[in-house]
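Could you fit the two chains together into a complex? Lean on the hints.
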Amino acid sequence: MNAGDTAWVLMSSALVMLMTPGLAFFYGGMVRRKNILSILMQCFIILCVMSLQWVLFGYSLAFAPGNWFIGGLQWLGLNGVGQEPFVEYAATIPHMAFMIFQAMFAIITPALIIGAFAERMKFSAFVVFTLLWATLVYDPVCHWVWGVGGWIRNLGALDFAGGTVVHINAGIAALVTALVIGRRRCLDKNVPSPHNLPFVVLGTALLWFGWFGFNAGSALGANGLAANAFVVTNTAAAAAGLSWALIEWFRVGKPTMFGVASGAVAGLVAITPAAGFVGVVPAVIIGLMVSVFCYLAAAIIKPKMGYDDALDAFGVHCVGGIWGALATGLFASKAVNAAGADGLFFGGSGLFLKQLLAVGATLAYAVMVTFILYKIVDALLGIRIEEREEEIGLDLSQHHERAYTMIE
Amino acid sequence: MKKIEAVIRAEKLDDVMEALKSAGAPGLMVTRIEGHGRQKGLTEQFRGREFKVDLLPKIKVETVVRDADAARFVDIIARAAKTGEIGDGKIFVSAVADVMRIRTKEMGDGAV
Numbered sequence: 001m002n003a004g005d006t007a008w009v010l011m012s013s014a015l016v017m018l019m020t021p022g023l024a025f026f027y028g029g030m031v032r033r034k035n036i037l038s039i040l041m042q043c044f045i046i047l048c049v050m051s052l053q054w055v056l057f058g059y060s061l062a063f064a065p066g067n068w069f070i071g072g073l074q075w076l077g078l079n080g081v082g083q084e085p086f087v088e089y090a091a092t093i094p095h096m097a098f099m100i101f102q103a104m105f106a107i108i109t110p111a112l113i114i115g116a117f118a119e120r121m122k123f124s125a126f127v128v129f130t131l132l133w134a135t136l137v138y139d140p141v142c143h144w145v146w147g148v149g150g151w152i153r154n155l156g157a158l159d160f161a162g163g164t165v166v167h168i169n170a171g172i173a174a175l176v177t178a179l180v181i182g183r184r185r186c187l188d189k190n191v192p193s194p195h196n197l198p199f200v201v202l203g204t205a206l207l208w209f210g211w212f213g214f215n216a217g218s219a220l221g222a223n224g225l226a227a228n229a230f231v232v233t234n235t236a237a238a239a240a241g242l243s244w245a246l247i248e249w250f251r252v253g254k255p256t257m258f259g260v261a262s263g264a265v266a267g268l269v270a271i272t273p274a275a276g277f278v279g280v281v282p283a284v285i286i287g288l289m290v291s292v293f294c295y296l297a298a299a300i301i302k303p304k305m306g307y308d309d310a311l312d313a314f315g316v317h318c319v320g321g322i323w324g325a326l327a328t329g330l331f332a333s334k335a336v337n338a339a340g341a342d343g344l345f346f347g348g349s350g351l352f353l354k355q356l357l358a359v360g361a362t363l364a365y366a367v368m369v370t371f372i373l374y375k376i377v378d379a380l381l382g383i384r385i386e387e388r389e390e391e392i393g394l395d396l397s398q399h400h401e402r403a404y405t406m407i408e
Numbered sequence: 001m002k003k004i005e006a007v008i009r010a011e012k013l014d015d016v017m018e019a020l021k022s023a024g025a026p027g028l029m030v031t032r033i034e035g036h037g038r039q040k041g042l043t044e045q046f047r048g049r050e051f052k053v054d055l056l057p058k059i060k061v062e063t064v065v066r067d068a069d070a071a072r073f074v075d076i077i078a079r080a081a082k083t084g085e086i087g088d089g090k091i092f093v094s095a096v097a098d099v100m101r102i103r104t105k106e107m108g109d110g111a112v
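Keeping their order, the protein sequence lines are chains A and B. Quick note on numbering: the UniProt record's numbering labels position 101 of the first sequence as 101, and the sequence is numbered without any gaps. Quick note on numbering: the UniProt record's numbering labels position 45 of the second sequence as 45, and the sequence is numbered without any gaps.
Isolated chain B, as found in the complex (with noise of 0.2 Å):
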């Protein structure tokens, strides 16, 4: 099993879900976030001081698929969240040890 964490846009996080679940994701888990990657620079100002914000509004996107869909489901985010400018975000996939559905106590595969 593998865990999709997608770091998108906030704006996009419409069209990620749409494309997921179209695309018949599992499930999925979504948190508001702050951070920055390499794209820094939005301006706001404050009491006519302009400054740089470090830390910006994100959304992340968690999902567990079975291995096989891993590769599917990542470029399905990927299409769904790009804009082609810089900020668009990142995905980390990373392996997930055991998974298990707490109703019937089912584990691996079956469980996602």
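Bound-form chain A, shown alone (with noise of 0.2 Å):
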């Protein structure tokens, strides 16, 4: 047991736990002020709703030794998860620690797709479809990446802090969201512009913020690798935010600041795969790349698709979360980290085929799960509130509270 380590890992753990707040403000301030605190509310419901359903069964499903598919049952309301070290996941940290750090990236993940479902998703529905998509599609990934018996950690393949686990994950789910949803009915007369873009670009403080617990974070020590993600972290989101900037300056004219924070946060989701496999070179190309990928996906091919992925979830995520996880078999290095792979670039010609199976795994299986979710939940609560509700807002129609007054 190292006390560094300890309270490195439990310190990340908060920095994580405020992302999902975080997100909740990025998310939040993009929405029309209708429907703001359905954000809000979706996000800190999912914070009690998940931190539950992990210490209750989430965790021993994902990180129980078990086969090759899930975790076993073992570790149900965390028997046996007690203040000792589990080895295999962290030598030097008591297990609770590596549980709770854990937890938090079950928290976020799914409230990442309410990026796609923003303004028009019935609250019961929301409800039951985020416990049975973290149960069913969350702990199984994760288990495959991470977990003890997972198939893809046998296989070898990289993901540092959660490129396919987190990213591309919900960002297929978003997609395949935005497809069962449908588009929100305002789009047929114009696209609303966030109502907030100061509570947008607060929110990507915090999601930097907090990224640095995120992907530093699981280096799961007070290290020299933790030095490097949270190193590589900042490069890539500053390159990403600098080069979504240059990108609209260039198409549009004038570089803003949504683009910058849409950027920023591209980056940081790029890195999370590569954090502790890359140096700063890889990071930077990283970076400057993943904004071209990204505005190409929210700014180009989604208008003309026509699917109503709200808030980008997709185009971010998922489309950052690819390159991330491809990128991480062209660059990674074994001089950054031995217990690595290298990649195409430096000599290592297994790795980028392992990141392509593991992509394309995910994706699959994010995709087929997620569209039976939505069909069961669709048939049992209804997913989508009545066109009344959705133009009085979901503020008013799903909590009965509004965000602001005008007088008083």
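Simulated from the structure, these hints should not be mistaken for lab results. One or more hints might be untrue.
[What the hints assert, rightly or not] Listed below are the simulated DSSO-like cross-link pairs for lysine-lysine, each with C-alpha atoms no more than 30 Å apart in a straight line:
hint, chain 1, residue 1, chain 2, residue 2
1, B, K2, B, K90
2, B, K105, B, K3
3, A, K189, B, K60
4, A, K334, A, K354
5, A, K189, B, K105
6, A, K354, A, K254
7, B, K3, B, K21
8, A, K189, B, K3
9, A, K189, A, K375
10, A, K334, A, K254
11, B, K3, B, K90
12, B, K90, A, K189
13, B, K21, B, K90
14, B, K105, B, K2
15, A, K304, B, K21
16, B, K105, A, K254
17, B, K82, B, K105
18, B, K60, B, K82
19, A, K302, A, K354
20, B, K60, B, K3
21, B, K2, A, K189
22, B, K21, A, K302
23, B, K3, B, K82
24, B, K21, B, K2
Encoded structure:
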């Protein structure tokens, strides 16, 4: 047991916890004023529901030693998950510290999907869907990649902090969401503007800050690898924020605050799987390039195809996550992390194919199960609110509250 | 000249603007307001206590038109803003003594 490692992982857990409220403001600023509370509410309810799911059975399904597909049931209710380390995950920190660090990932992942169904999902259906999705999509994929016995872990594909588990997984679920739930009715007339861009920027700042816990904390120790992850995380976010602004500048004539915020988040997404395996120059390339791909997806392909991924959960998280996972296969180097592997550009040939396989399997599984879950929840509860409720806004129609008053 | 002031549901603003634009309205002003007419009884809750909200968010759309156009625009707004439920709002029409276009100092109908 190591005091420094334990302190860093507990601190990182708190940093990652803050990302979910950060995401709430990031998304909340993008919707119309009549819907902001619904976004904040969805994020906070996920914080509540997933915290319980995780300690009661989610952690066991994801991390208890099990078969190639899913973890065992021996850690239900954190039975046997105590103050001593579980050596196969983290030898120098209490097992409970590792568990609560992972809990914060299990919380933010379903929250990312909110970006796709924003402004039109029925609250009851959202709660049921989230719980089912976390249990039947997140927990198994998490087990594949990080759990003892998981097939992607055994395959040797690399995912330092959750490119496949978190971002590709939630991002592709977001695309399925957008296709199943349909377009917001207002889009026939115009694309609504974000109602509070300063909230978007506040959310971006909290995400960037929290992401140091997400990525550098994934070293699971206060060590050189954590420092590497911290530096490449900051570098990629910076490169991507700048790159998105430059793209806008050349293409539309003016760089925007919203663009820099979007780019920074895309950069953080892309560096996530790579943070513990790549050096700083690859981080610059990963950051510069991710904005090109995500800008294409969000600003050009989405309007052409017509799907309503309202806040670009697919365009940023799935597209950025895929780029990050593949870039790990290109730029990973054993000089950075001896426990990793060499990517295509560092003389290794196998890793890139393994990364492709991991990405493909995650996409296929998440698409299939997410689609089935929506069909079930839709048949039971109906996933979409009525037209009048959509016009009035979710704050009043789903929660009998509103965020802003004019007088007093 | 007549000033048309329409107090409408916030969610009907897009429809009303669209209708006025395609009917060739000379211009419009939009204000976010709170108020109530006969419609009451929207319920909100605060820490477990339900309460009725007296003032509801509404939108006021104003436009100034020539006398001859007033009836037509009132009708266009009413049709676009109507849902048939209590709370659709009201339209007020009043006489405007004069209008000046600041840039050219034109007065009257020509300045509308």
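Which hints, by number, does the structure contradict?
Those not satisfied are hints 5, 6, 10, 16 and 17.
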